[in-house]
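Starting from the structure of chain A, add chains B and C where the hints point.
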Amino acid sequence: MPTETTEYNAPDSGGKAAAAAQEFETEHLEVSMGPSHPSTHGVLRLNLELDGEVVQKCDPVLGYLHRGDEKIAENMTYNQFVPYTDRLDYLAPLANNAAYAMAVEKLANLEVPERCQAIRVVTSELARISAHLLGLGAYTMDVGALTVFMITFTEREKLYTLFEELTGARFTTSYSRIGGVTRDMPDGWTDRVMVFCEEFLPLLDDVEALLTRNRIWFDRTADIGIISKEDAISYGLTGPNLRGSGVDLDLRRDAPYSGYEQYDFEVPLGENGDCYDRYAVRMEEMRQSVRIVRQAIAKMPGGPFYAEEAKKIYAPRKDKILTSMEELIQNFMITTEGPDMPAGEVYFEAENPKGALGFYIVSKGGGVPYRMKIRGPSFNNLSVLEKVCLGGMISDISAILGSLDFVMGECDR
Amino acid sequence: MIAQDLKAALQESCPDLEDRDSLDWPAFNCPISALVDVVRVLKEDHGYDVLTDATAIDNGVAASPRFTVVYHLFSSQSHTYTRIAANCDDDSEPTAPTLTDLFKGANWMERETFDLFGIRYEGHPDLRRILMWDDYPHHPLRKDFPLAGFENEISDPEIAANTGVKVKPAPMAGGPFVAQQSCFESKREPVAKDESWNEQNEKPDS
Amino acid sequence: MVSSNQDIGYNSKVEGGVIVSKADAVINWIRTHSLWPMPMGLACCAIELMASGASRFDISRFGAEVMRFSPRQSDVMIVAGTVTYKMAPALRRIYDQMADPKWVIAMGACASTGGMYRSYATLQGVDRIVPVDVYVSGCPPRPEALLDALIKLQDKVSTENSAKNLLKG
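Protein chains in written order, with the numbering used here: chain A, 14 to 426; chain B, 2 to 207; chain C, 97 to 265.
Next up, chain A with everything else stripped away, as it sits in the complex (with noise of 0.2 angstroms):
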């Protein structure tokens, strides 16, 4: 990202502190940070060892949302795991429940209708920028900026109604089947969503208004928690923390997934790597999931919204299953015992608004997975935090824990 970092130098937080220990006699703190901490969004611990305000050790610690995910995946059928889907990165559900429904369509070969597909972009995008939203509102909070929360809270609002209007709940969606969608897009849902992109850009100039060349946020968060490019990928980095340090990487365009090559978009980079470029990219990331989901929505296909041939996969429509013995039966047989897969092991990746989310399932036939790894992109975004922190002020912590924008859901599972 382009930013005035040339004209302006930022003050160099590992400099000033440098100086500011050979002026006053420091001394050795230990001081546990959370679980319970405003700024640790949900239940993170951090382990610090300071030397006056300059960090000198930081060890995170996790679990303390570890609700046994995996292992109840293995205990329940394929449907059955999409509600929990919903509650791994709790502020996109929609994306996670496309990105595990395509997981298990790998394992089945099983190829949805182009309208599913675009169904699922459109739901994607527009659950980043919800998503975005929040992890934006977040942030500037934990920087001591409350209007930004209030102004994307507002916004986040009328997604939410969006979203209600589809599939019945504000955010635990469940909107995903095996092969395709619970239900079609109600009539006229497409043209307020326009209404949604037209109405959201201005206000997003107006956020960028409060912060982009704001000297307070540019000062709280320029050269603050820098990730170089190598240390980003060493430690495994995904989505906009990756692109913040100038990788360029987004799944969506190098290993496309439902339809996402038919889409123009760009990838926003970052340059330092510090909290300012996460910031930036993620605000040029909502601009960019505007522009897909007017084209999804232009040229949006029709036909049916899930698989229709996998009769043993997607269970029949409601109307099917009252009049039709056959369908009542398929209808039984997946509720009951789960959709017919086959034996194997497959390994999908999608890009959700924090990262790569991954699925690893082991399949030795039948409705149950053997055994289904998450892998969740908050916890390896978090691993970089005992490296990014060193040698930084305890100040910088809550913007370094804001511009990673993580969720424990996915991180702890």
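It should be emphasised that the hints constitute simulated quantities derived from the structure, not laboratory data. Because the structure is a prediction, the values reported are computed rather than measured. Keep in mind that a hint or two might mislead.
As the list claims (entries may be wrong) - Covered stretches of chain A, as calculated for chain C (at least 3 residues, CB under 8 angstroms):
hint	segment
1	80-92
2	100-108
3	173-187
Even for Gly, the Cβ is constructed at its ideal location relative to N, Cα and C.
Structure of chains B and C alone, referenced to chain A:
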């Protein structure tokens, strides 16, 4: 096609490399002693520079080899994945070599696998539990561990003494219900798959 | 001002600048309208908790917008999300640190009963470790449901023998 080229190249450094059944990406079974070398060759010579996922599979209580460690490598240049799997030698005290020298991200993923499967990574700089608390005695993703869990003490003795709260097995009555595909039709009633504690069965002891 | 509290029958024309009432009524009236929550945001429900604090649902209409992350400054702990066994001692510790009088709202299925997470890692209901005053159903509950729970809690608070408890303490 890529899989065959990759296999030929990898067999130069590890002759015992075998194909692994896979429905998508090239996958190889490799002897656990050669694991680090194979991954290093993949990383340095073939551009698989991201370790996206490291995990393990429990092949069942009676199976031997029981534990398999599985790695997914991603190439940020060609945007493809490779799966490397290796069987752990010992079934009761499984061990595997660490990849932390090659990938910094392996640190937490191996800690997670150690936590959930009990596989010890040799040479790991900081092998502690990461998701469960330090004193937790079990490895939850092993197949002999029920979903409901076992009775244990909670992590804080002071709170445990004040409140008398213990880790208790979760009730399984109430679902999720799955019918067994293999059994006789009239018995194919949907039941909770993990029946460690329901109306019929007593609570398990650890 | 229209007061929901029937015990303070104040009419300035009759009584001038003097109010005569029961201590309970006054204390409870003050408490019900300034319930400061301790947002124990653990999982998905925390997002709906934030939504109730934001502009559309505006929890400040009920005097509960002062979210204090310090347990010392809060009256009602809103447990929003799944409580795991690893988190439970921390939660109890925070509850112990809250000053009396204190109340607990268990927000959502997970906090109330363990919800859909019937597994080895999840505490099956937060009432096993702290006393709960109001349970809210839903996964997650809508913000309206949380506001309803808050009103229910206000009803409960307004019937307490506060003056007696103060003297006892």
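Okay, the hints, checked on the actual structure:
Note: the segment 80-92 of chain A has 4 residues with beta-carbon separation from chain C under 8 angstroms; the three-residue rule is met and the coverage holds. Only residues whose beta carbon comes within less than 8 angstroms of a beta carbon in chain C count, and the segment 100-108 of chain A has 3; three or more means the coverage holds. Proximity of the segment 173-187 of chain A to chain C, defined as three or more residues with a beta carbon under 8 angstroms from a beta carbon of that chain, is established by the 4 residues found.
Comparing the model with each numbered hint stated earlier shows that all of them hold.
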